[in-house]
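Q: Sequence:
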Amino acid sequence: MTGSTLARRSLGRELRRLREAKGMSQTAAGRVVELSPQSIGRIEDGQSTRVSSLQINALCDAYGATGAERRTLLALAREMREASKSGGRWWRAYADQIPGDFDHFVSLEEVARRITTSQMSLLPGLLQIPEYRREGEWTMHPQATPEEVERRIDIATRRQHRLQDDDFEYSVFLSEAVLNHQIGGPAVMARQLRHLTELAQLPNISIRVIPNSVGSHVGLHVGSFVMFEFPALAATRAPEPPVVYVEGYTGDLYLERDSEITPYRNALAELDRVALDVGESTRLIADKAREYEG
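The numbering used here puts the first residue of the sequence shown at 7, with every later residue one more than the last.
None of these hints come from the bench; they were simulated from the model.
You can take every hint at face value.
Distance ranges between label pairs, derived from CB positions:
#1 S219 <-> Q149: 33 to 43 Å
#2 G257 <-> R37: 29 to 39 Å
#3 R77 <-> A34: 21 to 31 Å
Since this is a predicted model, take the numbers as computed values, not measurements.
Quick reminder that beta carbons are idealized off the backbone N, C-alpha and C, glycines included.
Start from the sequences and build out the full structure, keeping to the hints where you can.
A: Structural data, given as structure tokens:
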């Protein structure tokens, strides 16, 4: 199941295309279906905003949609409803510990067919053991209660179930510096790196290290990021366009335009060129684990 996230994105993107082709503003479109321009914007952005088949039909009439375009939009709306009825979005039970922006991140993570990430300072959440995660949570949230920290660790553990899905591919580029940061101390790092070597044996996971000997490389200049790639939707029979996520200290970016995605694809191609292969990376990680074990 691809879930309602992808269907919402596709529906919103197509509605925006039709509206702009008609030369209609979001305010004018909102008048057609008695919604605010802000609500039209949220629908077009693929956010969790309710939209009925009646409203979709009314917008199709206003935009002059063809019969095929109307059928596709209604099929996407059906796919959204069916996905919502079948459950999912387990993370809503942790709403008190998940900020709004990260709710969107987890929803993309749940439906992605492939995730590729470049990390220059810390391990990505899907690879972290609880002790490593706990140290980071206390660093970033020193005023949190122990119960709040443990709930955040529970979220990370639930997210990692994705790695057991054979249809999901996870590719990670790590700066060697990530292996040298003693998060939680030597004992925690030894266990963490042993965990990485175990994950590296899974056929759907690739963990590759960019050694310090490379010197200056594009990853140091671009910084850490995550690229989500998605399967095809039943209604459109076409893969959803990728999304690049860039985390910031005070806010996050979700990039979707081709002009924004292409530089990150180029960066990944360069990282692929300079990184050690999987076998060499696993041996390096194992060597680092032995160093921590003393």
